[in-house]
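Undergrad: Letter by letter, the chains look like this.
Number of protein chains: 2
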Amino acid sequence: MDLTSFITSVLTSFVIFVALVLLFTWLSRRPGNAPVYYPNLLLRGLDPWAGRGRGTRSPVGWLRDAISASEPDVVAAGGVDAAVYLVFLSSVLSILVYSGIVLLPVLLPVAATGGALSTIPIPTNKSAQSAQNFSSIERLGMGNVPEKSMRLWAFLLSVYWVSFVTYFVLWKSYKHVSNLRATARSAPDVKPEEFAVLVRDIPRPSPDETIKDSVDSYFRALHPNTFYRSMVVTDHTKADKIYQEIEGHKQKIARAEVVYANSKTESNTEGTRPTHRTGFLGLIGTKVDTIEYCSEQIKELLPKLEAEQKTTLHEKQQRAAIVVFNSRSAAAFASQTLHAQVYDKWTVMEAPEPRQIIWSNLPRKLYDRQIRQCVVYGIVFLIVVFYIVPLTAIAAVTTLENLEAKLPFLKPVVEQPAIKTVLEAYLPQIALIVFLALLPTLLMFLSKQEGIPSQGHAVRAASGKYFYFIVFNVFLCYTLGSTLFKSLTTIINHPAEIVNMLAKSLPGSATFFLTFVALKFLVGYGLELSRLVPLIIFHLKRKYLCKTEEEVRAAWAPVDLGYNTRIPNDMLIATVVLCYSVIAPLIIPFGVAYFALGWLIARNQILRVYVPSYESYGRMWPHMHTRIIAALMVYQTTMIGFISLKKFAYASVLVPLLPASIIFAYVCHMRFYPAFAKTPLEVVVRHDLKETPNMEAIYTAYIPPCLKPDKLEDLDAFEDAQSRATSRVPSI
Amino acid sequence: MDLTSFITSVLTSFVIFVALVLLFTWLSRRPGNAPVYYPNLLLRGLDPWAGRGRGTRSPVGWLRDAISASEPDVVAAGGVDAAVYLVFLSSVLSILVYSGIVLLPVLLPVAATGGALSTIPIPTNKSAQSAQNFSSIERLGMGNVPEKSMRLWAFLLSVYWVSFVTYFVLWKSYKHVSNLRATARSAPDVKPEEFAVLVRDIPRPSPDETIKDSVDSYFRALHPNTFYRSMVVTDHTKADKIYQEIEGHKQKIARAEVVYANSKTESNTEGTRPTHRTGFLGLIGTKVDTIEYCSEQIKELLPKLEAEQKTTLHEKQQRAAIVVFNSRSAAAFASQTLHAQVYDKWTVMEAPEPRQIIWSNLPRKLYDRQIRQCVVYGIVFLIVVFYIVPLTAIAAVTTLENLEAKLPFLKPVVEQPAIKTVLEAYLPQIALIVFLALLPTLLMFLSKQEGIPSQGHAVRAASGKYFYFIVFNVFLCYTLGSTLFKSLTTIINHPAEIVNMLAKSLPGSATFFLTFVALKFLVGYGLELSRLVPLIIFHLKRKYLCKTEEEVRAAWAPVDLGYNTRIPNDMLIATVVLCYSVIAPLIIPFGVAYFALGWLIARNQILRVYVPSYESYGRMWPHMHTRIIAALMVYQTTMIGFISLKKFAYASVLVPLLPASIIFAYVCHMRFYPAFAKTPLEVVVRHDLKETPNMEAIYTAYIPPCLKPDKLEDLDAFEDAQSRATSRVPSI
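If you're matching them up, the sequences are chains A and B in order.
Numbering-wise (the working numbering), the first sequence opens with residue 15 and increments by one.
Numbering-wise (the working numbering), the second sequence opens with residue 15 and increments by one.
Careful: at least some of the hints might be erroneous.
Repeated chains share a single entry, so a pair holds when one copy, or any two copies, can fit it.
[Stated by the list, open to error] Straight-line Cα separation of at most 25 angstroms, DSS-like style, residue types lysine-lysine; simulated pairs:
(1) Lys-692 - Lys-359
(2) Lys-692 - Lys-379
(3) Lys-379 - Lys-318
(4) Lys-189 - Lys-359
(5) Lys-359 - Lys-186
(6) Lys-186 - Lys-379
(7) Lys-661 - Lys-189
(8) Lys-301 - Lys-330
(9) Lys-660 - Lys-425
(10) Lys-255 - Lys-318
(11) Lys-189 - Lys-379
(12) Lys-330 - Lys-555
(13) Lys-425 - Lys-359
(14) Lys-722 - Lys-313
These are computed hints drawn from the structure, not numbers from a lab.
Let's have the full structure, built from the sequences with the hints guiding it.
TA: As structure tokens, then:
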């Protein structure tokens with residue numbers, strides 16, 4: 015890519031970005047759009063244009079707000095997970111800024127005066143201008159330094175500088191996140207998950223007792239003073255179906271009533287009672303009065319639900335349970351202590367938040383979980399390495415001829431010459447795009463299949479898988495290009511070869527990645543900030559579909575940050591920028607811009623837009639930390655190879671960096687990780703509760719909505735339904 | 015080795031064995047030898063010739079007793095560790111018996127009629143008899159089966175049979191040992207270690223409080239209802255030295271009094287008061303009256319000890335402590351729960367038994383421990399792989415010429431021609447023998463340097479190191495011989511080569527290992543059973559040195575089983591027999607004899623001789639289990655190589671065995687290991703104590719003897735001495 019096209023591309027992206035930011039400034043000031051640009055504030059009952067958000071009517075108000083918000087504000091708005099995500103962005107930003115401060119002033123002059131590229135003969139058929147361009151970007155990189163030059167010392171020491179900056183920043187960040195997590199976890203407000211543990215792999219009870227009975231007697235024996243109540247997980251799909259049906263009918267009634275009320279105009283005081291057809295999608299079948307029909311349906315369904323609830327509670331008990339204790343420290347003790355003599359029975363772990371439980375995974379057995387995990391890892395490995403194979407196969411099958419044969423009704427459309435050309439050219443690409451768009455969903459599905467008990471954990475697992483996919487496919491495959499697969503046998507026989515191959519291919523792709531980073535942050539962040547798609551969808555829905563207040567609220571109901579795709583994408587940029595930081599230092603300002611802008615916009619979105627759907631208290635951090643170190647090690651390895659290629663005898667001076675990184679990762683993991691995997695006792699008792707919490711509320715939080723008794727007093731009845739022992743021991 | 019010399023060697027060993035057993039039968043019946051042959055019984059206050067041991071006067075009484083003793087008897091006599099060692103022996107025995115039942119009748123005929131060896135031309139200069147011998151042992155092994163023969167299927171399926179027998183036996187044994195451990199741990203008698211936890215990495219306290227104060231306030235805050243008392247570890251070397259001095263003087267007085275009383279004969283009614291010299295070894299210096307002198311010394315030392323105790327308790331506090339809780343389950347909870355937010359502070363683990371604490375290791379910091387472990391592992395790796403190098407160097411330095419130059423007084427002795435020849439020939443061998451004799455001690459020392467807190471753990475660590483040493487050096491090095499080191503570069507570049515090399519070298523060493531196993535069990539067990547060396551030492555000591563009852567008791571004080579060398583040696587035999595089981599099935603009867611006899615003799619020694627010096631409740635088992643699987647995998651790997659060498663196309667049918675072994679090891683580890691590393695709650699509460707235990711006694715058990723207060727009531731004063739806070743919160 016020559017200089018002109020590079021500048022053109024960056025400039026175009028920049029213009030789009032500015033346009034989008036202006037659009038955002040204009041749109042976000044219109045009150046009608048508030049649910050799109052301030053849903054988080056609205057849900058927390060705050061006025062978007064009052065209080066500390068008062069500056070938002072000014073064009074740069076969002077900027078000022080994003081910068082001035084404190085960390086507790088962020089935690090209040092988006093939870094600890096959002097705050098940790100911001101720490102991640104600012105950590106990478108600090109690494110790049112500290113690196114850039116030294117690398118840019120030192121390496122650029124050293125590289126620019128290296129002069130290796132000017133001695134390369136210009137290939138034939140190239141104009142003088144091309145040669146000029148060739149040197150203007152690439153002359154500022156390491157490619158311009160001659161072999162065996164003593165200038166290489168500057169690059170070599172830069173690798174050390176970047177590595178130590180990374181260690182320093184990561185250590186401070188891990189400490190910060192650890193404290194953030196501890197502070198949030200020791201907050202005095204009562205969270206149900208702090209009083210509960212999840213019990214899995216419950217052994218088969220004796221025939222004269224239910225699972226509930228065996229759980230109760232087991233835990234009462236082991237925790238005589240602290241056991242409160244237990245709730246056995248049930249297979250409540252059927253009850254849930256009936257419950258959802260009732261809720262659907264209730265919504266329909268609400269909607270019909272609004273429609274009916276609106277139809278009572280002056281000319282038609284009676285109004286028209288809304289009707290619908292009972293058949294498929296309301297399109298066929300007999301026409302009925304909606305309100306009457308639905309009310310009748312509900313009346314019919316309610317006893318059904320009640321019967322189903324009873325059956326579910328008593329007969330569909332699964333071999334997993336939530337056990338509630340009467341104090342935080344009792345739950346912490348229980349979740350960390352080995353209960354049974356063999357590990358595949360009565361496995362105990364911290365209970366997930368009620369809202370993020372994946373019920374269907376709870377009863378999975380230990381060995382089942384292990385096997386599922388192995389199978390899923392195998393599938394993901396195949397997807398990461400060979401995803402292009404099935405795509406090619408699909409592309410081959412879905413040629414136009416095949417499509418026409420299978421779906422003859424498409425023929426008249428497809429036979430149009432213009433459409434045909436386009437389709438023939440783009441069908442494989444479309445297949446690829448569809449696949450890439452579906453990939454995060456697929457990975458999320460696979461992660462859930464592992465038997466993970468909570469949403470947050472599944473997101474972390476999916477995020478890891480996606481990270482491997484994009485780093486392998488975008489970074490490695492683009493850099494190495496076709497040579498990767500051609501010489502796969504070479505790599506297997508001589509694993510060290512890959513370092514040389516990477517080192518040889520890296521400089522050629524520098525400009526591509528410069529453009530890639532620029533495009534990513536300018537257009538990507540522009541779209542993110544302006545929220546054009548949710549805006550359009552919201553307005554369309556509100557205009558044509560929504561009748562009741564509730565429906566309008568559902569139309570703008572904000573989603574969460576989507577860590578499972580967001581973090582891997584950021585990590586990809588971090589990996590790319592780190593790897594090129596010394597080879598082509600010019601990439602550092604782009605990286606700084608990416609993470610600085612990312613930080614700003616993420617703060618804005620967290621404070622105003624996204625609403626967290628779960629809270630894991632920053633458990634994502636150890637993963638991010640490990641992956642930054644992994645990126646650093648890829649960087650260190652390629653640099654060893656790259657400097658060796660320059661026939662520089664001291665390249666081996668870099669080798670100690672690799673064990674240093676491993677030791678650093680190990681020490682961090684040893685020191686900080688346990689507090690992320692378990693609850694430290696220190697944190698539990700920091701603000702011990704003065705008064706006893708409302709234990710009924712804690713217990714009820716874990717009852718799925720479709721099984722929830724109407725009144726709190728019915729809790730005993732709920733427990734009795736699960737138990738066979740009629741004379742229940744009273745639980746205090 | 016030809017047949018004659020093989021038979022000669024085995025027969026000689028057998029004769030020695032029979033002679034030793036007869037000697038044992040004769041010697042053990044003499045009452046004067048009871049302290050040598052029945053020390054365990056004596057210590058437990060049982061009469062060796064009464065009760066259930068009544069048959070011991072008959073020559074085979076010991077055999078009947080060893081067989082008829084039940085497992086609880088073994089646990090009562092030698093603890094769970096001894097019982098687990100017997101389970102290990104019987105497990106290997108079962109594996110070999112089950113294997114032999116199938117392999118011997120099937121493989122011997124198949125091999126004998128293979129006829130591959132008879133087609134090999136007899137080398138020149140060999141008589142017909144040699145050729146005859148060649149076939150008689152080796153014709154019964156796999157070497158006699160021709161290449162590509164379908165007979166190899168029998169050998170291949172045998173490998174499967176042996177593997178599955180091993181899985182089956184190991185699974186049952188692990189289950190058995192796990193139950194054994196659980197039963198022993200849930201016994202109702204009060205053990206101090208069940209109420210205590212060991213706290214390490216205590217952070218530096220604030221200047222106005224001692225470490226003791228900070229421990230107390232920290233644990234009282236986290237465990238308000240269950241904390242009993244804490245004892246900070248102190249550096250009591252100096253106090254201990256004074257204490258030992260006093261004890262020494264007390265012993266001297268006792269001895270002198272006996273000597274004095276004996277000297278009062280009829281002719282000399284006054285007696286002679288015993289005297290000694292105060293200088294080096296009692297040889298030089300002024301002559302003093304022993305009783306008077308020692309009493310005076312004690313009088314002088316007692317106030318010194320008291321002062322030193324005070325200083326030690328208050329000023330030599332280390333950053334580790336033993337914290338005692340008032341219930342078993344509280345201690346179990348505390349030992350398994352993460353306490354501090356960062357893992358390198360307040361690390362908590364189960365307390366070791368008081369008698370096996372290695373005090374000097376307790377205050378070592380987490381990072382210190384990690385670094386020490388790395389360094390020790392590095393040293394052990396070097397010792398295992400390159401131990402021959404320093405030995406050669408030492409041998410070169412300690413030539414006779416050098417010795418003469420350094421130690422001229424040796425010259426007249428060394429210059430004798432006969433002595434000179436012997437020394438010159440044997441000096442390197444002597445160096446090797448001395449090194450091998452010192453090796454277990456060296457490995458034990460190294461293991462203790464890792465910062466391990468308990469004796470039992472150090473023994474396990476040393477045992478592992480010794481296992482690697484002997485398997486690598488005896489098995490691999492003998493089998494591969496010089497080819498191993500010559501082709502070390504080949505192995506590094508092509509790791510798969512080692513399989514072929516092993517496979518090629520194995521059959522040649524079969525006869526050697528047959529003899530090795532026979533020698534090992536016949537002579538080794540003979541010596542073990544007859545206890546000739548302890549017998550001689552005991553009689554010599556009693557006759558010439560011992561004066562008081564106490565000294566006689568010290569002379570026969572039995573040691574423990576010495577797991578750190580015993581188990582690796584047994585494992586070596588197990589590895590050898592497993593690896594040759596299919597190649598030369600004749601080794602199986604030898605292996606069966608080794609483990610059967612070993613089991614019998616170990617039972618006899620455990621029931622009557624050895625006294626355990628610590629109890630780890632079978633924590634050695636997981637290590638033995640893993641190492642048997644490792645031996646199995648070495649066996650499977652060599653068999654794949656060996657059958658491939660026979661150009662048998664189906665050799666790859668064996669490959670699935672390797673992942674099967676790994677999965678088996680993983681499942682066992684996952685299912686059973688946690689109950690060995692931690693205390694399961696189930697086990698703790700199985701027999702909950704009816705009455706409160708004597709908490710003072712539990713606490714006192716952890717006070718080192720040199721610091722122990724004279725009366726139990728002084729415990730509060732002992733605690734106060736460690737604390738700076740004068741108004742101590744009363745502990746209930």
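Undergrad: Does each hint fit the structure? Answer for all of them.
TA: Verification of the supplied hints:
1. Lys-692 - Lys-359: Close inside one copy (20 angstroms) and across copies (15 angstroms); limit 25 angstroms.
2. Lys-692 - Lys-379: both (22 angstroms within a copy, 22 angstroms between copies)
3. Lys-379 - Lys-318: Neither. Shortest intra-copy (31 angstroms) and inter-copy (64 angstroms) distances fail the 25 angstroms Cα cut-off.
4. Lys-189 - Lys-359: between (36 angstroms within a copy, 14 angstroms between copies)
5. Lys-359 - Lys-186: between (40 angstroms within a copy, 18 angstroms between copies)
6. Lys-186 - Lys-379: between (39 angstroms within a copy, 22 angstroms between copies)
7. Lys-661 - Lys-189: neither (41 angstroms within a copy, 60 angstroms between copies)
8. Lys-301 - Lys-330: neither (38 angstroms within a copy, 91 angstroms between copies)
9. Lys-660 - Lys-425: So Lys-660 and Lys-425 fail the 25 angstroms test inside a copy (59 angstroms) and across (64 angstroms) alike.
10. Lys-255 - Lys-318: within (11 angstroms within a copy, 83 angstroms between copies)
11. Lys-189 - Lys-379: This pair counts as between: shortest inter-copy Cα distance 20 angstroms, intra-copy 36 angstroms.
12. Lys-330 - Lys-555: Classified as neither: same-chain Cα gap 40 angstroms, cross-chain 76 angstroms, threshold 25 angstroms.
13. Lys-425 - Lys-359: For Lys-425 and Lys-359, the Cα distance exceeds 25 angstroms both inside one copy (60 angstroms) and across copies (73 angstroms).
14. Lys-722 - Lys-313: Within one copy only: 18 angstroms inside a chain, 79 angstroms across chains, cut-off 25 angstroms.
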